[in-house]
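Throw the hints in and build the complete structure from the sequences for me.
2 protein chains.
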Amino acid sequence: MWALRRASPALVTAAAAKLHSDRRGRRELSAPSRCESLQAAAQLILRDSVQYAELNGLLYGLKDPGADQSAATQTPVAMLPFCIPEKAFQDCVALSPLWNKLVDAVARDVKWLHATLETVAKADPFTGRLLKISKQIHEEGLRQPLMLGIHRSDYMLHSGAEPRCLQVELNTIASSMGCHAFHVEKLHRFVLGRFQEGAVGRAIRGHYGDLKGDDLTKRLPRNVTLEAIPAALSRAQAVYKAQTKGAKDPVVLFVVNDDGRNFADWCFLEYALWEVHNVRVLKKSLKEVAEKASMDKEGRLWLEEEEVAVSYFRAGYGPEDYPSEVEWSARLLLERSAAVKCPSVDYQLVGAKKVQQALARPGAVERFLGPDSAKLRGCFAGLWGLGPGEDDQAIVKLACEKPEGFVLKPQREGGGHNFYGKDVAVKLKELSPQERSAYILMQRILPGLQESVMTRQGQLKVMECLSEFGFYSVYLGDGRTAHLSAHAGHLVRTKAQGVDEGGVAAGYAVISSPFLTS
Amino acid sequence: MWALRRASPALVTAAAAKLHSDRRGRRELSAPSRCESLQAAAQLILRDSVQYAELNGLLYGLKDPGADQSAATQTPVAMLPFCIPEKAFQDCVALSPLWNKLVDAVARDVKWLHATLETVAKADPFTGRLLKISKQIHEEGLRQPLMLGIHRSDYMLHSGAEPRCLQVELNTIASSMGCHAFHVEKLHRFVLGRFQEGAVGRAIRGHYGDLKGDDLTKRLPRNVTLEAIPAALSRAQAVYKAQTKGAKDPVVLFVVNDDGRNFADWCFLEYALWEVHNVRVLKKSLKEVAEKASMDKEGRLWLEEEEVAVSYFRAGYGPEDYPSEVEWSARLLLERSAAVKCPSVDYQLVGAKKVQQALARPGAVERFLGPDSAKLRGCFAGLWGLGPGEDDQAIVKLACEKPEGFVLKPQREGGGHNFYGKDVAVKLKELSPQERSAYILMQRILPGLQESVMTRQGQLKVMECLSEFGFYSVYLGDGRTAHLSAHAGHLVRTKAQGVDEGGVAAGYAVISSPFLTS
Numbered sequence: 001m002w003a004l005r006r007a008s009p010a011l012v013t014a015a016a017a018k019l020h021s022d023r024r025g026r027r028e029l030s031a032p033s034r035c036e037s038l039q040a041a042a043q044l045i046l047r048d049s050v051q052y053a054e055l056n057g058l059l060y061g062l063k064d065p066g067a068d069q070s071a072a073t074q075t076p077v078a079m080l081p082f083c084i085p086e087k088a089f090q091d092c093v094a095l096s097p098l099w100n101k102l103v104d105a106v107a108r109d110v111k112w113l114h115a116t117l118e119t120v121a122k123a124d125p126f127t128g129r130l131l132k133i134s135k136q137i138h139e140e141g142l143r144q145p146l147m148l149g150i151h152r153s154d155y156m157l158h159s160g161a162e163p164r165c166l167q168v169e170l171n172t173i174a175s176s177m178g179c180h181a182f183h184v185e186k187l188h189r190f191v192l193g194r195f196q197e198g199a200v201g202r203a204i205r206g207h208y209g210d211l212k213g214d215d216l217t218k219r220l221p222r223n224v225t226l227e228a229i230p231a232a233l234s235r236a237q238a239v240y241k242a243q244t245k246g247a248k249d250p251v252v253l254f255v256v257n258d259d260g261r262n263f264a265d266w267c268f269l270e271y272a273l274w275e276v277h278n279v280r281v282l283k284k285s286l287k288e289v290a291e292k293a294s295m296d297k298e299g300r301l302w303l304e305e306e307e308v309a310v311s312y313f314r315a316g317y318g319p320e321d322y323p324s325e326v327e328w329s330a331r332l333l334l335e336r337s338a339a340v341k342c343p344s345v346d347y348q349l350v351g352a353k354k355v356q357q358a359l360a361r362p363g364a365v366e367r368f369l370g371p372d373s374a375k376l377r378g379c380f381a382g383l384w385g386l387g388p389g390e391d392d393q394a395i396v397k398l399a400c401e402k403p404e405g406f407v408l409k410p411q412r413e414g415g416g417h418n419f420y421g422k423d424v425a426v427k428l429k430e431l432s433p434q435e436r437s438a439y440i441l442m443q444r445i446l447p448g449l450q451e452s453v454m455t456r457q458g459q460l461k462v463m464e465c466l467s468e469f470g471f472y473s474v475y476l477g478d479g480r481t482a483h484l485s486a487h488a489g490h491l492v493r494t495k496a497q498g499v500d501e502g503g504v505a506a507g508y509a510v511i512s513s514p515f516l517t518s
Numbered sequence: 001m002w003a004l005r006r007a008s009p010a011l012v013t014a015a016a017a018k019l020h021s022d023r024r025g026r027r028e029l030s031a032p033s034r035c036e037s038l039q040a041a042a043q044l045i046l047r048d049s050v051q052y053a054e055l056n057g058l059l060y061g062l063k064d065p066g067a068d069q070s071a072a073t074q075t076p077v078a079m080l081p082f083c084i085p086e087k088a089f090q091d092c093v094a095l096s097p098l099w100n101k102l103v104d105a106v107a108r109d110v111k112w113l114h115a116t117l118e119t120v121a122k123a124d125p126f127t128g129r130l131l132k133i134s135k136q137i138h139e140e141g142l143r144q145p146l147m148l149g150i151h152r153s154d155y156m157l158h159s160g161a162e163p164r165c166l167q168v169e170l171n172t173i174a175s176s177m178g179c180h181a182f183h184v185e186k187l188h189r190f191v192l193g194r195f196q197e198g199a200v201g202r203a204i205r206g207h208y209g210d211l212k213g214d215d216l217t218k219r220l221p222r223n224v225t226l227e228a229i230p231a232a233l234s235r236a237q238a239v240y241k242a243q244t245k246g247a248k249d250p251v252v253l254f255v256v257n258d259d260g261r262n263f264a265d266w267c268f269l270e271y272a273l274w275e276v277h278n279v280r281v282l283k284k285s286l287k288e289v290a291e292k293a294s295m296d297k298e299g300r301l302w303l304e305e306e307e308v309a310v311s312y313f314r315a316g317y318g319p320e321d322y323p324s325e326v327e328w329s330a331r332l333l334l335e336r337s338a339a340v341k342c343p344s345v346d347y348q349l350v351g352a353k354k355v356q357q358a359l360a361r362p363g364a365v366e367r368f369l370g371p372d373s374a375k376l377r378g379c380f381a382g383l384w385g386l387g388p389g390e391d392d393q394a395i396v397k398l399a400c401e402k403p404e405g406f407v408l409k410p411q412r413e414g415g416g417h418n419f420y421g422k423d424v425a426v427k428l429k430e431l432s433p434q435e436r437s438a439y440i441l442m443q444r445i446l447p448g449l450q451e452s453v454m455t456r457q458g459q460l461k462v463m464e465c466l467s468e469f470g471f472y473s474v475y476l477g478d479g480r481t482a483h484l485s486a487h488a489g490h491l492v493r494t495k496a497q498g499v500d501e502g503g504v505a506a507g508y509a510v511i512s513s514p515f516l517t518s
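Those protein sequences? They're chains S and E, same order as listed.
Read in order, the letters of the first sequence are residues 1 to 518 in our numbering.
Read in order, the letters of the second sequence are residues 1 to 518 in our numbering.
Hints listed in this document are in silico derivations from the structure and should not be mistaken for laboratory results.
One or more of the hints may lead you astray.
No distinction is drawn between identical chains; accordingly, a pair holds when it is met within one copy or between any pair of copies.
To be verified - Each computed DSS-like pair below joins lysine-lysine, with the alpha-carbon atoms no more than 30 Å apart:
#, residue 1, residue 2
1, K248, K186
2, K87, K245
3, K63, K461
4, K427, K132
5, K397, K132
Encoded structure:
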């Protein structure tokens, strides 16, 4: 049958036999045999779990669909959730409103923001271009002070006496995977609940250690992404309507990329907006925006016949999305208009690595957050600016000697392009001091590893993995009034040990969910 | 982007231009131009509607998935619902409890049933084999009188002064497509609701005629398949538990075929059983049942460690599903056991075309249904038995002269293998009188045609189509007590004019939903 219909029945039979022999022995399983047992159990429920994933929205467009434009494959997902201490998880949830407040406060301090990015802008043309747009719209006078943030703060669990999360980065634009994360929670609730019995159940329980009497599904925190994020977009549309005379039924524009293989991760936001909030969505690429959008003399944004209340960027976060001046002209039009941007160019700039690094300096977070700053500082990893004016000689020397303790990251957003291990030293030596300002150095967090069942293309692999934990937050404010500030769900991305770049779509990682341990 | 990402932008541009010119003219559109306009509108929302379908469970396993065992494609669906007069639709709904009662009454009159099928059994080995099993289990003494029926009565709309539905056939085994039908209603609710505005909305309204002020989604009757069918399976499990001492948490067995491309159409039943009713499902092929199932001395059915309360056949309806004696031994085991069968071999036999034809004879329905019979007879099309003892010379002569007025159908279940048009005469002449008893002749219903937007593999075609309307019903009884009898939702299958065989999976037809007209 499907998924296994062409797979070797011998594999399944061997898996079943292995489980039975494990069971007959009733012996305490040694660690390696527990691992084999997990593999065997996973093989038995592979088809069920992959089918459940696909039928519950975990789909990706097929890379080479040929004539069948609708051909799709499963989203790469973990079959089972990833352990995190409940306290570490809840600590991160509690930080969401602080990140919201910080991003807004920094974005409203335009002078500080622009000054902080000035040197980066010279080294990184992309940041430079965004900074130029920000300057232009502030010179013209900010037409829409209302800004919507859908942020995601990403952490890794730092091993130690009391494990705690250290921040990897803060995403302020196109924070994706929220829909997938919602559906993976559902998948894991199904797998842990449905397969509690028999040999498979014993193998799964063995994987999570000594939790004999527990209902494992109680360890899965509810993920609110698919309620909270559409509710925030809808709220922004409602506030826009209230402030704009005559706007009857304005749309939310999703700025998406031309590839669109990851449609499942934004379409569910669109459906919730329509089915729950009665708000219509139009999806366009930046190129299409350039061709079809215009601003009227009151500054309202129109897409042909439709007034746009909110412009939600799911693309436009990196230079790849701006292959020509056409895309930049679209971005400028959106920023100048009265449509609420999610995010505004200023919110996007707050997400720059350079700002993260500047905030890490003594007194910087305190300037914006006051007494709440200490809570945030608890999750900061070591961060060092590079290049002229940064007094970076000592840290560059150390990083060249012990590169395994660092990550070298470009300033701009979008994930990827990082340097790890020996490459840190190689790259640092290549760069001129001026060129170094396009990068920051970060303490490398080395989190504990866990055995994980990764599924992809209907196949599974059990591997030693580490995870990155993302926490979404939503914020709507105009600099004076905060209309909304809330935690908005979570994301777990799991990757095999040794895989440094973490893009799920690129196939290096899978989406998982948290399993809360005490 | 996806679906259209590799499609010609010129197509979309041309579609948009056509719609705009239609709109600018504001003229009353002629019929052919309305048709082009529907095509153009459909092209503009193709990607949106196909993505919605896929993300809401309308998936099929890809025929040739290569290395990617999870590769899937959209279920072939109509983009827009198919018109049927509300009265004709409600008349069919009202017949559901009568079909339930009739099937059960016929199945309990074993003598009549066996006698009716005796001649067919000689001509059709498959029916013969089922009959033999039925005889054996009644000789041994029926171990489980409780039977669960999930039937589907299929009709076509017969044109005339007052259009009414005439029955095509009654399915008493593996009545499929219920999950897909549920999701297509959701799809059509999205399409009709979301795209009410602008040129696309005007084209869709134009397609449905003069309904200017109406909310089109109000014309879509709610489809209850995905609530009613799992509820019936769960009820059967509960009654089994109540009657069987010691059965703690018995499973429902889904007997499925090895191909499994249509997994989406049974998996949602499984998920509802688990998530709503807390009932576990195991899915096995007949071959696997033969290998893994056994009956204990009390007659209880076990699948390895699991007690089976209900055996639900989604395969086993045609000879293709019994390639060897192994599968027949599995079927016999299931029938002899105390598990509740859905359907029992007797219920399956009631669905034979020969029984349909025998019931059409004067006095036959009346024997089982009494005063309710007249209501059922209102939907009977002309039906004629063939072969020895049937006095078929006159009708065979007529069918050879005017074959376009008839369908020649084999007695057995499962769809397909019918003869239409000239082939009716050719086949009738080939058959010996003895061989003829494996077939029945049926009046050919020629329903009105409607323009339909069929989507398949991410592409669309606008074609003149006809539809078959299916009405599900569920029944649980033991011959004395009816535990459950209810209407259980509906199905519309739409096929292009001239396509005689209607298998959706085979690609000749699409699944649609009813649009109720007054």
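Now for the hints, and whether the structure bears them out:
no., hint, result
1, K248 to K186, "between (36 Å within a copy, 26 Å between copies)"
2, K87 to K245, "neither (47 Å within a copy, 46 Å between copies)"
3, K63 to K461, "both (21 Å within a copy, 25 Å between copies)"
4, K427 to K132, "within (28 Å within a copy, 80 Å between copies)"
5, K397 to K132, "neither (34 Å within a copy, 87 Å between copies)"
When each numbered hint is compared with the structure, violations occur for hints 2 and 5.
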